[in-house]
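*Asks:* Residues per chain are reported as follows:
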Amino acid sequence: MNFLTDPINFIANWLGNLLLNFGMSQTLVTVILKFIGAGLVGMFGFSLVIFTIWLERKLYGRIQDRLGPNRVGPWGIFQTFPDMIKIFTKEYITPIGVDKIVYNLAPILSVSAVLLTWAVIPFAPTIVGTDVNVGVLYLVAVGSIGALGIILAGWSSNNKYSLLGAFRAVAQVVSYEVPMVLALLIPVLLGQSMGVNSLVKAQNVWFIILSPVAALIFFTSSLAETGRAPFDLLEAESELVAGYQTEYSGLKFGMFYVGEFLHAFTISALMAALFLGGWRGPWVEQVPILGVAWFFIKTFIVYFVVVLIRISMPRLRIDQMLNFNWKFLTPLALVLLIVTAIVEKAFIMIVPSLQLMEAAVPWVRAGVHLLMNILIVWITIQLLKSHRINAVRVVAQPRPIAVAPEPPASVIS
Amino acid sequence: MTPEQIIFLIVAIVTLVAGISVVTSRNLIHSALWLILSLFGIAVFYVLLDAGFFAVIQVIIYIGAIAILFIFAAMLTRRVMQDTGPQSNSNWWLGALIALLLLAGIAVVLVNWQGFTSLAPELINPSERINQLGLALVSPDQYVLPFELASVLLVAAMIGAIFVAGEKKQ
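Protein chains in written order, with our numbering: chain H, 1 to 413; chain D, 1001 to 1170.
Just so you know, these hints were derived from the structure itself, not from any lab. Quick caveat: nothing in here was measured; it's all calculated off a predicted structure. Be careful, since some hints might not be right.
Stated by the list, open to error - To give an idea of the chain D side of the interface with chain H (calculated C-beta under 10 Å), a few residues: (1) V1059; (2) R1129; (3) L1149; (4) V1152; (5) L1154.
What the hints assert, rightly or not - Covered stretches of chain D (in silico footprint by chain H; criterion: 3 or more residues with CB under 8 Å from a CB of chain H, positions within the stretch not fixed): (6) 1009–1023; (7) 1047–1056; (8) 1156–1167.
What the hints assert, rightly or not - To give a feel for the contact side, a few chain D residues facing chain H, derived at Cβ under 8 Å: (9) I1029; (10) L1033; (11) I1060; (12) M1075; (13) I1130.
For every residue, glycine included, the Cβ atom is placed at its ideal position computed from N, Cα and C.
Please put together the full structure from these sequences, using the hints given.
*Replies:* Below, the structure is given as structure tokens:
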């Protein structure tokens, strides 16, 4: 291990040895190193948000035929810093009748829930916060804490629009957790592990090729989890003022804002790690630090799609959104899970008798899974076609709004 | 003291304080929040016991599902933000008695149990633990009967919920 190929572990080793030489015990050194690592990952997440906010606003601007931020720095790249300073100086308004502790706790919860996710994301083969062996379940657990933050924000604000936003948050975030978890089970099934890093290691063929439907379900439902357009019912400004964050001001609002942007980036990172092969790429074995580059390239590609969807899709109606979840995504995910499990098991039983070449096995497996996925998509489309709306039900005849009055008789004559 | 012991002590104190606050807090939502804190403390204990799977499952099920359900139910049924009603009803002494009896029973069982004082044996093959757990749940020699019973109960509960909530056909 040397500095150039694997700098982070090199520094960690050096620091650990230094502390050991000071006479500290091994466990204490481990605790200190973990604390430093956690702090660094958190700082890294926050500083990344500074960049992604600029990126998103710029893309938003370009798509709407505007320039976007363009005053501070080249291409407006430092625009977020003045915004940050401005939000620091804003007044904290605490309305009468709020539940003070809960009101202040909610923004912290919703940011920390997103930040906690970063603990298990593998940036490179050797750079992982903690390689928990139940990493995928950990992701689900942490996601539910985020929902808690939103609910508490809505409840404690003592405002009916906030409360309505919180109700919708429960309906949306908790419902979309179901297909998300089911879709997460498919990488677990294919990779035969629940640790995120070992799932990345298992992707000789990217899981998006093995199971594109699972990737799509995971992507859609985690988009809904972030609560951004087209799933931004929680803060629909045309109906609910600003939903659960109506009463927040200053940095407390900023926390929700940062949390939302960080969440969008985090789901891209998860998508990259779980379905797009994470840090896998050429020359990663020799130079582990290169994995970070591959990982972030993939993450930013997914993030670009997330932003594009946010910009170009109109908001859904709440009943359409829930119907889509319970009547489409969840059954599809269930069917996919069962089929994938059966195909995987059958493949493992049949493959020794086929006498394939060692290198060809993962590709054959990918082909079989892909075929099953295509079959499922085809059946789904046929089923959907049978429920197609053939004609819009006519409720009433159109009525002319302005009819010219009959001219008085004197004018005619 | 090792760092593990320090963490244990801090978490134990927080969990106990949170547990007491669940019953003494006047506000329903605050009670639910204290409950979440104490459940979280228990999850940390699982981590300290090297049972990561149970820790995560504890967070998913108890905090992610049950506590959120509590909060949601309280938000929907009570007048939001108001502390209405007395804190305890006339059966409080019965509840306290049952809780005390339960505590005594658990204490007696634990004191007589050998595993309480002996060190836990090292588990072989740590990465296969979840695998072993899964196999134990479906193997006929071990826990397949409780597992299936629980599944049947859950299915019955789900059907019941659908029946209660479903639209009545005239």
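*Asks:* Does each hint hold? Answer for all of them.
*Replies:* Consistency of the hints with the structure:
Taking 10 Å as the C-beta cut-off, the interface hint given for V1059/D holds, the closest approach to chain H being about 4 Å. The beta carbon of R1129/D is positioned within 10 Å of a beta carbon in chain H (closest approach about 8 Å), and the interface hint is therefore held. Interface hint at L1149/D: violated, since its Cβ lies 23 Å from the closest Cβ of chain H, which is beyond the 10 Å cut-off. At its closest, the beta carbon of V1152/D sits 19 Å from a beta carbon of chain H; the interface hint therefore is violated under the 10 Å criterion.
The beta carbon of L1154/D is not positioned within 10 Å of any beta carbon in chain H (closest approach about 15 Å), and the interface hint is therefore violated. For the stretch 1009–1023 of chain D, the stated coverage by chain H is not satisfied: 0 residues place a CB nearer than 8 Å to a CB of that chain, which falls below the threshold of 3. Only residues whose beta carbon comes within less than 8 Å of a beta carbon in chain H count, and the stretch 1047–1056 of chain D has 3; three or more means the coverage holds. Here the stretch 1156–1167 of chain D counts 0 residues with a CB under 8 Å from a CB of chain H, which misses the bar of 3, and the coverage is violated.
With 8 Å as the threshold, the beta carbon of I1029/D comes within range of chain H, its nearest partner Cβ sitting at about 6 Å, so the hint holds. At about 7 Å, the closest approach between the beta carbon of L1033/D and any beta carbon in chain H falls short of 8 Å, and the interface hint on this residue holds. Satisfaction of the interface hint for I1060/D is found here, the shortest Cβ-Cβ separation to chain H being roughly 5 Å, below the 8 Å cut-off. Here the hint on M1075/D is kept, as its CB sits about 6 Å from the closest CB of chain H, short of 8 Å.
For the restraint placing I1130/D at the interface with chain H, the shortest Cβ-Cβ distance is roughly 7 Å, inside the 8 Å limit, so the hint holds.
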